[in-house]
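Undergrad: Grab the two chains, each in its own frame, and use the hints to assemble them into the complex.
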Amino acid sequence: MATLKEVQSKIVSVKKTRQITSAMKMVATSRLRGAQNSMEAFKPYAGKFAEVLGSIAGKSGEDASPLLVPRDEVKKVALILCTSDRGLCGGFNVHLITKAEKLIKSELEGKDVSFVCFGKKGRDWARKQPQPVEDEFIGVVGGNVEFSLASSSGQKLIDNFLEGAVDEVYLIYSEFVTMARQKATIKQILPIPSLEDVAEEKEKDKDAEFLPEHICEPSSDALLGEMLPKNVFIQIYDALLQTSTSEHAARMRAMENATKACDDMVDELQTIFNKTRQAAITADLMDIVGGAEALKG
Amino acid sequence: MAEKLILEVVTPERAVVSEEVQIVMAPGSEGEFGVLKGHTTFLASLKSGILRFETASGTQKNFQIEGGFAEVLPDKVTVLAESAVEV
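Line order of the protein sequences matches chains Y and C. Be aware that the first sequence starts at 1, since it is given in the numbering used here, and climbs by one per residue. Be aware that the second sequence starts at 1, since it is given in the numbering used here, and climbs by one per residue.
Derived by calculation from the structure, the hints in this document are not laboratory data. Hints are supplied without guarantee of correctness; some may be wrong.
Within a straight-line C-alpha distance of at most 16 Å, the following computed EDC-like cross-link-like pairs (lysine to aspartate or glutamate) qualify [what the hints assert, rightly or not]:
(1) Y/Lys230 / C/Glu13
(2) Y/Lys43 / C/Glu82
(3) Y/Lys187 / Y/Glu175
(4) Y/Lys230 / C/Glu19
Some chain C residues close to chain Y (C-beta under 8 Å, calculated; not the full set) [as the list claims (entries may be wrong)]:
(5) Glu13
(6) Glu30
(7) Thr41
(8) Glu71
(9) Thr78
Quick reminder that beta carbons are idealized off the backbone N, C-alpha and C, glycines included.
Here chain C stands alone, though its shape is the one from the complex (with noise of 0.2 Å):
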């Protein structure tokens, strides 16, 4: 079982987040997921939405992301967008 869930958010431009966090929820082209740490390898595509996690300190953020796809391994989330802005 994974220690703890890194979250990456990675734009053309640059990185947006990369911190620890507790639980990530995407919203997948297929409607929303959410994923918490040890979640089996998981690829799925999202459409434009909103991306809310809480970082492990327990603050809830949300970002605007703009179409684009995640990677889900045990110990880690990556998001891919073409854009992403916090809100």
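Chain Y with its partners taken away, still in its complex shape (with noise of 0.2 Å):
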């Protein structure tokens, strides 16, 4: 049975992790809002875009850019992977990791894969990969994404697309479907899918009242041409204000459960540390009582 001290230091040090939990939990909640209110002041500007765009695809041909065009024969694919920079944050990074792995296992068997990291814990995992790692960025998820981040390494891509460099680009990145939920997500963003389903996705929303017939200036074509680069950055973008705020939200949540499990740690060890010191002061008794009755003799 373990002594009086040792129990103590146990119960000190297990209060102490705690201490550090419940702080991380509080950061973690904190940046938590602040990844939100960056994904919300996003939304208005990707509505808009996506009605707009869904409105003038409708009259383009699918021939109106060649980001649009799916190759023949695949053989380059870059895969975007976004992940966190720092740990701490229950599965969330195995999760996005386990998706790439299993992405390039089946659908990609076969095909020269290269990365694009966003965050060190991807970053780490793809270096020690047999597939090159083209490009990384450190310190962006988890912390303040700006858009001109997604559109130059966007661009990047987009450029890689043209020359034929890759064929296909796919994006991993933590979809955050709710604070209890996030759902790592895989999304192909070039050749970007027909546009008929952007058109038809746009349909579906009820504010259909848009007028259908816009003047363009340049034309329709040339507008799409702009736009549809664009719609890449966006989705770039998006996924990263996704990710950090999962990061936070998966963060948040390990955090608690930490500090939940430190309780109990606590409550146990506090029980143990009664029983110790009962029989410790019982033992005492013991002595004193048996001593007494030997003098007495």
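TA: Below, the structure written as structure tokens:
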């Protein structure tokens, strides 16, 4: 049985851990709020963009932009992997990485895969893989995501795509569904999946009071050509925002659970401590009583 | 005829402007254009430049905008820009 002192020092150390985890939870909560705000702030832009894109996409042909044309033979694939920079957020990064692993082993079997990594955890994993890491951005996810970063990295991918250096681009990110649910998601961003889907999605929206006949300047095809790359940037930006928000939500939950586990442990240790203390007192008493009895003779 | 004209300037980071205006002058990629209320529906890409407008109370405001496009409806102008800063 552990001595009184041992149990006590264990209690102290668990309490200290609890302090750390509960502080981390607090930090994650406040960061989560910030991340959610920037996600909210982005919504009007994304919504309006999708609306306008949908309305001109209906008018343009499939061949309006080379970004729409699927390659006959897909050899080289780029994977954009969004993960967090830091751990202690439960299974968050593991889910994303497993998703990537599965994708490579199933659909992308035998193809040349390269990585573009946002976030340290994903990069560390990707470096250990046989596939090359083309580009990496650390210190973005979970912090302040800027649109210019999404557009510069997106532009690079588009250039590579147009040059034929890559044939398909996939985005792996964590979709923020609710506070308690984040889902690792795969999205194809290049070639852009058929515009008809975009147009259809738009029609599903009830605010279709939008006037279909626009005068376009320049022509609708030219406008579409300009908007499509931006659509790619928007998707990357959106993925980064969602991954950031998910990361904080995941960390918040992980830390909450850890704090609870610490509480349970302290309770348990306290019981042991009390028992040990009682045992010591009983032993002492026995000694005294035994001694007194002996003196009486 | 539309009663008033609302201008909205939105960037990915936030909504910058949302107010009633009298006139908007925007740097279209094929030349600057002006919009008053009751303008026909119209879609234009914008180049980097100054977006000028006059609020309902008559104050002039200028915004430096960076790439984007504008959607014009008879009662509303929506400018989607990558960045917009008041100058």
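Undergrad: Hints first: check each against the structure and report whether it holds.
TA: Consistency of the hints with the structure:
1. Y/Lys230 / C/Glu13: holds, 15 Å
2. Y/Lys43 / C/Glu82: holds, 14 Å
3. Y/Lys187 / Y/Glu175: holds, 11 Å
4. Y/Lys230 / C/Glu19: violated, 26 Å
5. Glu13: Result: holds, 6 Å to nearest chain Y Cβ.
6. Glu30: holds, 6 Å
7. Thr41: With a minimum Cβ separation of about 5 Å from chain Y (threshold 8 Å), the hint on threonine 41 of chain C holds.
8. Glu71: holds, 6 Å
9. Thr78: holds, 6 Å
Going down the numbered hints, you'll see the structure goes against just number 4.
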